[in-house]
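Each protein sequence line maps, in turn, to chains A and B.
Taking my numbering, the leading residue of the first sequence gets 1, the next gets one more, and so forth.
Taking my numbering, the leading residue of the second sequence gets 1, the next gets one more, and so forth.
Note that these hints are calculated values from the structure, not bench results.
In this text, a Cβ means the ideal position worked out from N, Cα and C, and glycines have one as well.
Hints are supplied without guarantee of correctness; some may be wrong.
[Said to hold, decoys possible] Below, computed lysine-lysine pairings styled on DSS-like, alpha-carbon distance capped at 30 angstroms: (1) K115(A) to K251(B); (2) K251(B) to K67(A); (3) K137(B) to K67(B); (4) K251(A) to K115(B); (5) K67(B) to K251(A); (6) K20(B) to K67(B); (7) K251(A) to K251(B); (8) K115(B) to K251(B).
[Said to hold, decoys possible] Derived, one-sided and incomplete: chain A residues facing chain B with beta-carbon distance under 8 angstroms: (9) R117; (10) V124; (11) G210.
2 protein chains.
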Amino acid sequence: MRITIIGSGNVATHLAAAFKNAGHRIVQVYSRDAQHAALLAYHVKAEPVSDLTQIDPETDLFVISIKDDAIGPVAEQLASYNKLMVHTSGATHMYALQAYAENVGVFYPLQTFSKTREIDFRDVPLCIEAANADIAKELTELAQTISNNVYTVDSAQRKILHLAAVFACNFPNYLYNIAQQLLAQHDLDFNLIRPLILETAEKAMTSLPGNVQTGPAVRNDQTTMDNHLALLQNQPDLQQLYTLLSQGIIKMDIDPPADK
Amino acid sequence: MRITIIGSGNVATHLAAAFKNAGHRIVQVYSRDAQHAALLAYHVKAEPVSDLTQIDPETDLFVISIKDDAIGPVAEQLASYNKLMVHTSGATHMYALQAYAENVGVFYPLQTFSKTREIDFRDVPLCIEAANADIAKELTELAQTISNNVYTVDSAQRKILHLAAVFACNFPNYLYNIAQQLLAQHDLDFNLIRPLILETAEKAMTSLPGNVQTGPAVRNDQTTMDNHLALLQNQPDLQQLYTLLSQGIIKMDIDPPADK
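Extracted from the complex, chain A is given alone in its bound form (with noise of 0.2 angstroms):
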């Protein structure tokens, strides 16, 4: 397939190059900034453009992978090549396409990426929203030479997803940089606690998290947990935080494993 990238960031880079290695031909990427579209077109040769006007007509698919509040602005000009358009944001509806033109879907890799670590794209569920039958097989077909995990996902249900990844992704990390920054406080190494992290998150793959849940808050251990809460005295933003989660674990209508 004939396909334009239009955006340069971490989402843009990982599909181009998935695209790019699964055999699709990258025809232009497209950025704002003219270094970072001559970088992404570079690696997977394209041609770069940095002016809207200088899209090649001659595609079978834009990709539209920027700020989702630049999405109809971007669609409303490329509505008039006639081709396939898709966005690949989690928490913007495919009206934003639709608003512009008939030939529109939705390919939302759920992932969190990074330019400096590579990904293994097979493993990344796609969620796919087409306007009609036809388009969704197309795109249905594209997804399936670059991933494994291909999922048909209604934009309602994409707005759940994406609100679930923050829970899931976004939220965790934070909360990594909490234990990072006690352990730094007290002259200890993050690497103490990074095989926990990793063990944690590697339970979630084989079971369901409420029936593998942890930790004082779960036993209702109060001395354990006044304990914990008398060690952040001085964060009373953490003491707010640590207790709004363990009240959220004791109500949790879970049977908990021993955790001894």
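Got chain A sorted already, so can you dock chain B onto it with the hints?
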């Protein structure tokens, strides 16, 4: 070394197996529950006992791996044997043993254990504390027979580690549970989000979490956060948690990577 295991929970089970695999002899396994004692004792070819009066004095080390509030009373009963005693608790001071004996230490494996999940003990950080330098040497040598990650950590530091472990393990698992529940409420498969959970943890293996924070809060993307809060309108506890975690991320003193 001849080792007696006091306890039959997750930590006792994994430690006993690791010691046995490293060539040590497990003399006895004690548990108040005779069946639990028998099961673990069978696995490590030891004698099961369910009464502390049946303890065999021909041992080199008592490993006390039981509920925190039972450590002191059991240590008091074992003190008469005049053997080296350690506890395995993150939240308990070494004084809990020193109150009754001089030959004491702490042997704290910083990992989350489930009886049903295999773990490579060589990767588990072992935190050692000892009442004197000779014991420190002996415990460190013992620890090195089962783990490649042996640290010397005093009681004050261990309290911080235990607190940090709650933020790095128990709380993230609870957030995974929230994500899973949100998906289930909308007929979405938890498998959709599992790769994201794992990748987030794997990023923390090589990066500091503060350097790889992503999501709407670190971009201060108020529109997306408001949309998420609206999705949680019938779940005020989750709204409160979402707000508190997002406020913490917004206040993070970091230079976030581009998220798109």
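A quick look at each hint next to the structure:
1. A C-alpha spacing of about 24 angstroms is found between K115(A) and K251(B), which places the hinted pair at or below 30 angstroms, so the restraint holds.
2. Distance restraint check for K251(B) and K67(A): the Cα-Cα separation of roughly 22 angstroms lies within the 30 angstroms cut-off, and the hinted pair is therefore satisfied.
3. Our distance criterion of 30 angstroms between C-alpha atoms is met by K137(B) and K67(B), whose separation comes to about 27 angstroms.
4. Annotation: proposed proximity of K251(A) to K115(B) holds, straight-line Cα distance about 24 angstroms (limit 30 angstroms).
5. For the suggested pair K67(B) and K251(A), the alpha carbons sit about 22 angstroms apart, so the restraint of at most 30 angstroms is met.
6. The hinted pair formed by K20(B) and K67(B) meets the criterion: a straight-line CA distance of about 23 angstroms does not exceed 30 angstroms.
7. With a C-alpha separation of about 28 angstroms, the suggested pair K251(A) and K251(B) falls inside the 30 angstroms cut-off, and the hint holds.
8. Between K115(B) and K251(B), the direct Cα distance comes to roughly 39 angstroms. Violation of the 30 angstroms bound is thereby established for this hinted pair.
9. Here the hint on R117(A) is kept, as its CB sits about 7 angstroms from the closest CB of chain B, short of 8 angstroms.
10. For V124(A), the interface hint holds, the least distance from its beta-carbon to any beta-carbon of chain B being 6 angstroms, beneath 8 angstroms.
11. With its C-beta approaching chain B no nearer than about 5 angstroms, G210(A) sits inside the 8 angstroms limit, and its interface hint holds.
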